[in-house]
Amino acid sequence: MLGLSITNVSKVWNPDGPDPVPAVTNLTLDVKPGEFVVLLGPSGCGKSSLLYIVAGLEDATSGTVTFDGLPVKEPSPERGLIFQEAALFPWLSVRDNVGFGLSIKGGQPGARAEKIDKLLRMVGLGGAGDKRPDELSGGMRQRAALARALAMDPKVLLMDEPFAALDIQTRARMQDHLLAIWRASGASVLLVTHSIDEALALADRIVVFTARPGQIKAEISIDAPRPRDLRGPEMIDLARRCEALLAEEVTKAFQEQELL
Amino acid sequence: MSDNSLPASASLRRKSPGVARWLPLAKSIGWASLSIGLFVAFWEFAWWRGWANPLLLPPPHIFLANLTEQFRFFDPNGERIGALSEGGSFFSVLGVIGWSSLRVFLGLLIGFVASVIVGVAIRYFGIFGKLTLPLITMLAPISPVAWLPVAIFVFGIGNPPAIFLVFISIFFVMVLATLAQIDAVPRHYIQLARVMGASKRQIFLRVILPAILPGLFVTLRMNLFGAWMVVLIAEAVGVGSGLGQVTMMARNTFNASLVFFTMTLIGLTGFLFDQALRLIQRKVLWWIQPSNIGAL
Numbered sequence: 001m002l003g004l005s006i007t008n009v010s011k012v013w014n015p016d017g018p019d020p021v022p023a024v025t026n027l028t029l030d031v032k033p034g035e036f037v038v039l040l041g042p043s044g045c046g047k048s049s050l051l052y053i054v055a056g057l058e059d060a061t062s063g064t065v066t067f068d069g070l071p072v073k074e075p076s077p078e079r080g081l082i083f084q085e086a087a088l089f090p091w092l093s094v095r096d097n098v099g100f101g102l103s104i105k106g107g108q109p110g111a112r113a114e115k116i117d118k119l120l121r122m123v124g125l126g127g128a129g130d131k132r133p134d135e136l137s138g139g140m141r142q143r144a145a146l147a148r149a150l151a152m153d154p155k156v157l158l159m160d161e162p163f164a165a166l167d168i169q170t171r172a173r174m175q176d177h178l179l180a181i182w183r184a185s186g187a188s189v190l191l192v193t194h195s196i197d198e199a200l201a202l203a204d205r206i207v208v209f210t211a212r213p214g215q216i217k218a219e220i221s222i223d224a225p226r227p228r229d230l231r232g233p234e235m236i237d238l239a240r241r242c243e244a245l246l247a248e249e250v251t252k253a254f255q256e257q258e259l260l
Numbered sequence: 001m002s003d004n005s006l007p008a009s010a011s012l013r014r015k016s017p018g019v020a021r022w023l024p025l026a027k028s029i030g031w032a033s034l035s036i037g038l039f040v041a042f043w044e045f046a047w048w049r050g051w052a053n054p055l056l057l058p059p060p061h062i063f064l065a066n067l068t069e070q071f072r073f074f075d076p077n078g079e080r081i082g083a084l085s086e087g088g089s090f091f092s093v094l095g096v097i098g099w100s101s102l103r104v105f106l107g108l109l110i111g112f113v114a115s116v117i118v119g120v121a122i123r124y125f126g127i128f129g130k131l132t133l134p135l136i137t138m139l140a141p142i143s144p145v146a147w148l149p150v151a152i153f154v155f156g157i158g159n160p161p162a163i164f165l166v167f168i169s170i171f172f173v174m175v176l177a178t179l180a181q182i183d184a185v186p187r188h189y190i191q192l193a194r195v196m197g198a199s200k201r202q203i204f205l206r207v208i209l210p211a212i213l214p215g216l217f218v219t220l221r222m223n224l225f226g227a228w229m230v231v232l233i234a235e236a237v238g239v240g241s242g243l244g245q246v247t248m249m250a251r252n253t254f255n256a257s258l259v260f261f262t263m264t265l266i267g268l269t270g271f272l273f274d275q276a277l278r279l280i281q282r283k284v285l286w287w288i289q290p291s292n293i294g295a296l
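In order, the protein sequence lines correspond to chains Z and R. For the first sequence, the positions run 1 to 260 when our numbering is used. For the second sequence, the positions run 1 to 296 when our numbering is used.
Chain Z with its partners taken away, still in its complex shape (with noise of 0.2 Å):
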């Protein structure tokens, strides 16, 4: 089967620790070839975890994730990954950067350097290439970062609140952007977020979590064209729906941790 295939899967953090720490249970989900996919839930609720299981940085404790039909085990380029920060490496220009990924792969110099001002330009970073990646912003860093991530043909990009730290006018920009380089590259996206306006803006599908330990508490399909007017009456309608939906598990979590 084509896409991500996510089934049955369970982490449990230090699961031999005195605390063992139940992320996810029993959690199945599939992203087919294309689609955007967002993962709504409260801060700890397990997306997170999730992500790494799929990105194959960590095993998931029961379950299993395949990929195009194969089972993940290890990280691989086709599933790239982006954080809530760039963490571009500091000693190397923002070309370096976009490029790490192929240098480490081989091939043509020339060809190599084309394609990474190509994607240097789709991203509106054509200029920025050898500074430094302190000198950009905040959004310059992280179109950077989407940059190095597609620089690898990534058939899926795992994204952990990737716009979390950037302001709200930036945000905004970001997500148009993406959704330009997501229909360009045709790769599916799988994102996080606890952004219930962000998820409304960009998913084909959301994934509403519960509180940890993260399962899934409904899935709501959006067919509206984008860009979306989340102020119209049927995004509007949507949004309530996630509030109440997230409202519950953040009651529940709140009273969780007032339990300890």
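Keep in mind that the hints were calculated from the coordinates and are not lab data. Keep in mind it's a predicted model, so treat the numbers as computed, not measured. It cannot be assumed that every hint is accurate.
[Said to hold, decoys possible] Derived lysine-lysine pairs resembling DSBU-like cross-links, with alpha carbons at most 35 Å apart:
(1) Z:K73 to Z:K217
(2) R:K200 to R:K130
(3) Z:K32 to R:K200
(4) Z:K115 to R:K27
(5) Z:K115 to R:K283
[Claimed, not checked] These stretches of chain Z come out as covered by chain R in the derived footprint (C-beta under 8 Å, 3 or more residues):
(6) 83 to 89
(7) 99 to 105
(8) 230 to 242
Just so it is clear, CB atoms sit at the ideal spot from N, CA and C, and this is done for glycine as well.
Position chain R relative to chain Z; hints supplied.
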């Protein structure tokens, strides 16, 4: 420096890049001169008032007065402690400074390389770490001076014990610093490199090493002065040449002028060493903003 006699304002600096570049340097040189000048002035004043005995605390105008007289005590090939020797020229002074500097330089170089290798090995090979880390942690707090007899037992008299002492003075600290730096490498750097297909070796060479070098270099610079102290002790006790030996000889012959002259040389040399390390730091570790430890 500039043919412009207008006071330096922000707008002027923007207009003339030459001034913008040189003004900060000129300012810091000015402050450094003032800082040293005030100290010298106070000392001279104390001498003039008769508070400072010129035999015990000769002020700069005395110990810097007769340089050729002072130079006579500097013998780069000196094996004969105490006596006036073949020294006497400016070059023999440079030779003595050169010997001390060489010992510091070699000790630092060997210490830096060895400690990074050992530190990395501890983190990469679990058994090696378990076998060596307790020992290293136990040896770390022992003062390099306590190693002096050991150095002389093992290496005898000459350059090796001095270099060994410098090595010892930074090795344990730098091993522990290497461990701390490795542990502080952001996990996301390594995870991203893994996702992009980097092998363990590539992750080490292209992610971990560049990530830990700046911090290690700062540690090296902070231990530079310690290394200078140690090399002087080693030279005073038993190498037979170098600035430490001259200081010891000056003490034994009750030559206060020579003591202060040598101290001045030691201070200047240490300062130049630090500047050289800063320059290397700027050129090699270009992505790090220069830190502000020390003057200039």
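Evaluation of the provided hints:
no.	hint	verdict
1	Z:K73 to Z:K217	holds, 27 Å
2	R:K200 to R:K130	holds, 21 Å
3	Z:K32 to R:K200	holds, 32 Å
4	Z:K115 to R:K27	violated, 47 Å
5	Z:K115 to R:K283	holds, 29 Å
6	83 to 89	holds (count 4)
7	99 to 105	holds (count 4)
8	230 to 242	violated (count 0)
In terms of the numbered hints stated before, the structure departs from hints 4, 8, listed from lowest to highest.
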